[in-house]
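Participant: Sequence:
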Amino acid sequence: MNKYKQIEAAILAASNILITAHKSADGDSVGSSLGLLHFIEKLGKKATICHPDKAPDFLDFIDLSPIITMDQKPEKVTKAFIEADLIFCLDYNSTDRVGKEMQVLLEAATCTLIMIDHHQDPQGFTSLTISETSASSTAELIVELIEQSGNEAILDEKIGTPLYLGILTDTGSFRFNSVKPRTHEVLAKLLAADVKHHLIHELLNDTNTASRLRLQGFAMSQKMEILNENTVAIIPLTKEELATYDYKKGDTDSLANLALSIKGIKVAIMLSEGDGTVKLSFRSKGKDNPVNTLAAAHFEGGGHINAAGGMSELSMPETLDKIKSLIPEYFPV
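Going by numbering that gives the first Met the number 0, the residue at position 283 of the sequence shown is 282; the numbering climbs one at a time, nothing skipped.
Keep in mind that a hint or two might mislead.
[Unchecked claim] The calculated lysine-lysine pairs, modelled on PhoX-like cross-linking and capped at a C-alpha distance of 20 angstroms, are:
id : residue 1 : residue 2
1  : K262      : K286
2  : K53       : K99
3  : K265      : K323
No lab work stands behind these hints, which were simulated from the structure alone.
Everything numeric in this text was worked out from a predicted model, so none of it was measured.
Please model the entire structure based on the sequences and the hints provided.
Facilitator: Written as structure tokens, this is what we have:
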């Protein structure tokens, strides 16, 4: 029996299924969670989705109501973990990626744990692991689950819409080098299931707010630094600057990619200050400029070769100094 058939069997045997994903929700973690939920429901079972925190506002166009978050309803999340006899770990491969509160619950769980993920270097904390680094996204692997378990006939618009969203966002609208021929085959299956791809693009990309655009304009014109012989761009935004532009979660998500689009830039780093921490977003071009190693070694993070995240408990000036001191080592010119 292949692993995907084993997962189907585990779903059918379970009474209380829990779906989890990583902290700082993105399109792939949200899309793969919702897609898996609707697939499980099509199999005649029920499931609960628990995430560490709320998804960014720009994903509000999709129905997020099935998602319970630890930061808003800790009692319900705790109860779901205690009652679960099957837990899915989607789009993450180490327990610290779910935040400290959920990490305690996850590591205390004694039931069956299943990982479905596409990041490098998975921890061995699950009973069954699907770890495919060649996949464009976890959402793509949920489509593989549906197909390889023999259930492709039940793939419909409700299941496919969040999965399309997950693939779309994790591939940068299909422009990252993670896109393979198989990715487009999967997309074709979703379109055949009547997924309205043009509406997803429109609802995702054409819903800017004036404050978001003003923040992005300020960041690019006033805050961006070009370093390392014009190959690295850094954009630091302080807590006060974010507040000035009425920052909402997700407003800065495209800034690193925007800086990376500048001719000659090979690496872009976005820093945003919160309460006692600085969040870092790394983007790069090419296999010769891996950002996941830098994020993992120095900023408690990780991710893909060309897209990673991390955090720092240093002040913004100290974090900036640290980043600048590491650039020549990791991205020599």
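Participant: Which of the listed hints are not met by the structure?
Facilitator: Those not satisfied: there are none.
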